[in-house]
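Kindly produce the complete structure, drawing on both the sequences and the hints.
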Amino acid sequence: MLRFLRRRFLFFFFTYLISSLTIFFLLRVLPGDPARVIAGGREATEEQVSEIREKLGLNASLPEQYLTWVSDFLRGDWGETIAFRGADNRDLILERTRNSARLAAVALLLSVPTSLALGVIAGLSENKLPDVIISLLTLSVVSLPEFVTGLFLVNIVALRWGRSALAESLGWWFPASSAVPATASFSEMLPALWLPAFAATLVMLAYISRLTRAGVIEELKRDYVRTAALKGIAWRAVIWRHVLRNALLPTITVIAISISWMISGLVVIEFVFGFPGLGSLLIAAIERRDLLLVQAIVMVTVTIILFSNLFADMAYALLNPRVSLE
Amino acid sequence: MRSSQITRSFVSLFRTLLRQPQSALGTILVLFFFALALFGAQLAPYPNPNDQSHDVRLSPTLDLARLQLGEHPFGTDRLGRDVYSRVILGANSIFRIAGLGTLISVILGSALGLFMGYHGGWVDEILGRIIDALLAIPALLLALVLVGIIRNLDFEAGSWQAGLADNVVLLVISVLYIPIVARVARSTTLDIKTREFVAAAEIRGESQAYIIFREILPSVIPSLVVEASLRFSYAIFLVASLGFLGFGARPPSPDWGLMVNENRGGFYQLTPWALEFPAVAIALLVIAVNLMSDGIRRAVQKGS
Amino acid sequence: MPAKAPYLLDVDKLTISYRVGKRWLRAVRDFRLQLKAGEIIGLVGESGCGKSTVALALMHYLASNGRVESGGALHFAGEDLLAKSNADMRRLWAKRIKFVPQNAAAALNPSIRIGRQVLEALQAADGAEGAVAYESMIDMFHQVNLVDPERVAERYPHELSGGMQQRVAIAMALISNPELLIMDEPTTGLDVTTEAVILELVRELIAQRDTGVIYISHNLGVVAQLCQRVVVLYAGEIMEEAEVHDLFEQPRHPYTLGLIGSVPKPGDSKHGLRLQSISGNPPSLTRLPGGCVYADRCPLAVDICRSDKPPLESLPGDRLVRCHRWEEAAPTLNPSPIKREELQGANTPLPSSWEKGPGDGGAATLMRVTDLSKRFPVAPTLREAVQGIEPSPIRAVDGVDLQLRAGQTLGLVGESGSGKTTLARVIIGLQERSGGKLELLGLDVRNSVRERSEDVLSKLQMVFQNPQNSLNPYLSARQAIRRPLIKLRGLTPDDADAEALKLLDRVNLRAEYAERYPDELSGGEKQRVAIARAFASEPDLIICDEPVSALDVSVQAAVLNLLAQLQEEHDSAYLFISHNLSVVGYLADTIAVMYLGQLFEVGAARDLFQPPYHPYTEALVSAIPVADPKHKTERILLSDNLPSAQNLPSGCRFHTRCPRKIGEICETDAPPWREDEAGHQIRCHIPLDELEIMQRDPVLTKGDE
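Chains as they are written, first to last, in the working numbering: chain A, 1 to 326; chain B, 1001 to 1304; chain C, 2001 to 2705.
If you are wondering where the hints come from, they were derived from the structure by calculation, not from laboratory data. Treat the hints with caution; some may be incorrect.
Unchecked claim - Taking lysine to any residue pairs in the SDA-like style, the calculated list, with each CA pair at most 25 Å apart, reads: (1) A:221 - A:245; (2) B:1193 - C:2517; (3) A:221 - C:2085.
Next comes the structure, spelled out in structure tokens:
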């Protein structure tokens, strides 16, 4: 166990180091003069540029800048925004992260059980009708880019169908825009969450269900399934007790990986729906050239992904007797 | 001949793709879009995507019942541009960027992966860890950051940096997918390396390059083909998404993602067709590529 | 229940098909069998002949793409299984009909503890639960000789050794006291020592019960030692069925004779004897011949064999044979070595020089290995790292001395994990040695292939175990052979092409094989190409690492004959590695026995099967399943717990399993090498003469001597 954890944690810190270096290099070194970028490019005056340079400590050597930034980041000092005048980066990011997390939680609650069920059904009926239908669905409609499905949901489902007489008589109504106040509480936000969460669900659905299907099909071919069947127990018991147990184990890892996927998808979805989450903040920050804010957002994202991977690995190792924890 | 055995596999792969209805449909659609990308300028009624007609916001004249295209089959947008021509002309950029980006990443990524896998040891360990670490940053985030920065840089017009900045999405796709392809190539190489024909080559005293490229590479190609088709479908997805977010082609390019973005919101009520046709084009292409790459995966797995 | 049926299992005209694409292929045709309670019937055949299909069909359990064709009958204790519903079959599977699978490691669920899996079977059989069920499980574990059954129950399958997994599988099948037991190659993949233990166990457990057993195996030896009747299957059809003694002494079908003659028996040697081999390959199911399925490979085939399908005829003495010519052929079908050559025809006469014994001619020393060792470092655990302890490395090869003379074969035997393959890879230079010296023709040879000169590389070549992997799938046979010709012999590409064809001819492959790719070659053909490739650089020494163990017996014999013939022609030396003592004994002049990284016995091959032997060799020899039911075998059963190479036993490494351990000295002192006048060396604390007295009754005695 110790050895396993040690290796995991070492990797955790190494990844942190590499990704922070990558982001630092991209944002501080690649632009040549980050101060000028922040100040607004070619039009900025020399005074504006040097003022920003002074303020951000860009006159120090690169390693020094990196260390300062990392230690500030770790201490929770993520700087002040330029794009959103006066606000503290950390407050802003934490608030938006919370909102995105709400959206992600709803999307996960919708997608994980559904996709596991679809994957298991498809896997158990390999190449038969249910499998063919599920495969076609997951390969087509469900794997469209989020902005296509998102716009469909906004323009067709919310605006056209939502305002039809039928929908009104059913009391079925989704807001077309999810541009709620960033400070709203969860219950205030919930009505605005359904459509974007559904859009985020679709891509995950395709991904997780296909891997689950593959897992079930692979396990069904194993000799132990025959052993179990020839014990004379019911086929249902063979599936529940033997097949699913082994087929669904790797899904833990898959779900963790798909969280990274979902973060990408959420950027687009938040943009389409105007939802005040981390993704729309990132786009605004990039458009407004707020390098410090961009850096902090990317590091927060990486942290979330690394932790979800770490938890998934530990859960997998604990549940799978074949992974030695020695 | 060595190449003939590989050609033979590709021909049989193509045949397998056409034999199944799903993958046949996908492959034919992809080829159709590919033809649009190649001959778009000849096929479009208005070869200049920014030709403006006086008829702004004209409804589509396409009449499926009578099989007539009409003057503006997909209508015109709010600036009077022919949506039909713009959709046809837009095929080129998405294919060029996604296709070339995939090609570059597959070539460089597989070279890196083959080297890591065959060499092993600390080189492999360190490069592998770096790749894993890079993969912890979501692809779209990294792409947004990269595009956002490079596009804001000031370069002299005509310099190579400016050329690079113009092709920033292509560059980003190549860079993002190199580690992913490398990881696949590496794991397949690790498997092939243990085969005894590699040991037989080592016993003959073959050079490292000979063993990597002539003994191992042919057996890695099937999994690279699967990965390349998968990467291509993700690349199309990514190019379209970046275009939509305003991080791809700049207006007034006839980029599908950009066209969708330009015509959403309030404009959608005025000219829904200006959003719907490019959106449908993206959807069709993504579905077609997915069906084809799924067919490739099945065919290769069955073959092995 | 209906009146007691005369047979426990009565099968007639059973035809089983598989759907491949849109076609139904008839994998097994017209199968019949009658099994009495308490009887063990063996079902032998080579890979692809339909054995496993029959096994599952007898259970009435077929994959979804398989079906039993109508017109067949399958009766178990008078009940028609083919008419049974799934639910009825489940009740039978739970209690009365049990299956023991081939690969127990895969047949046990990897994520469920052993105890729960066995209790599940018990619950399905008797509804037994709780303490009663647990007690009977532990009792069953005792019966299959599982040490510490309570702890085994708590383990997961991957934590057990292969032998223990197989015991669990057997326990799981026997726990419901079944009437019928179908065992599908239950010892394949196990070491010969473990196999002997499991077979002994099966024999014992069956004798206590009244269970009828169908025992499926590709290994004639196992069947000869265990079964009362034998059914020989080929390409999905029964070729012959007889009492075990009748079958082995007077086979009536040419295929049966071919199989028996293909297997070298202990004591057989390449000097003076060629193995009976069966030419060609089994027919493909998609293109079955219209006549006898064996006609293409049969030395006795005449026109009628190719046009008309022979019926399964009843012969006197309660036996069956499917052959047009059994009556004419019967007198010639006598499995004695002399007759063999007559049957085989004059196409491959024995070279007269084969009569020379080992050691004759005083050839020069070709290769000398001195104190060779190979250690694999082990990564420290966190605690070890903190305390600064360096974990002990895995000592795969530890101080091995060997000599090999030009043109001779040195056989290397041992169980899996003994370090034989590592030794081979170190000598060939695929792995760097950790210590010791390697000389070839008196010259030091460098560590790794990368440092060796082309001259050394061309002198040392290797033939690998797995024909599936030893050829590059993207190179044709000609391309595979021509590369070493260009690289190591410096031929021009044109000359190399011509020479490649000659080499193919030398390994008995026609010129049309030159442009075939590995996926168009059978296993034996691939191995021939690999042998031609190894001979291309005209090496002095070829290392053969289990070159025939992945091949079917009929093909195996042809490859062994080929190796013997090429050695004769080229005067090359072999280092021949195998777990199969009979095979090594057949081909080798000298034999070295390896255990846990060290040699324990080195001597002339002809002495291997006679005392004195090292106690480990004695156990290995006694464990050989001999393909002759009259062979009386005093089995020396070893425990199947091989110590780990990281944590080696002190003193004599064999003391933890040695049946002849004499006392504390075995645990504390490394045993000395003892040598007799003939140069036979044994490393043991017991003096040679004492060993010989202990072992006076040879463990293998031929029935007719």
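Now the hints, each set against the structure:
1. Our distance criterion of 25 Å between C-alpha atoms is met by residue 221 of chain A and residue 245 of chain A, whose separation comes to about 14 Å.
2. The suggested pairing of residue 1193 of chain B with residue 2517 of chain C holds, with an alpha-carbon distance near 20 Å, which does not exceed 25 Å.
3. Distance hint between residue 221 of chain A and residue 2085 of chain C is fulfilled; the C-alpha atoms sit about 23 Å from each other, no more than 25 Å.
Checked against the numbered hints given earlier, the structure satisfies every one of them.
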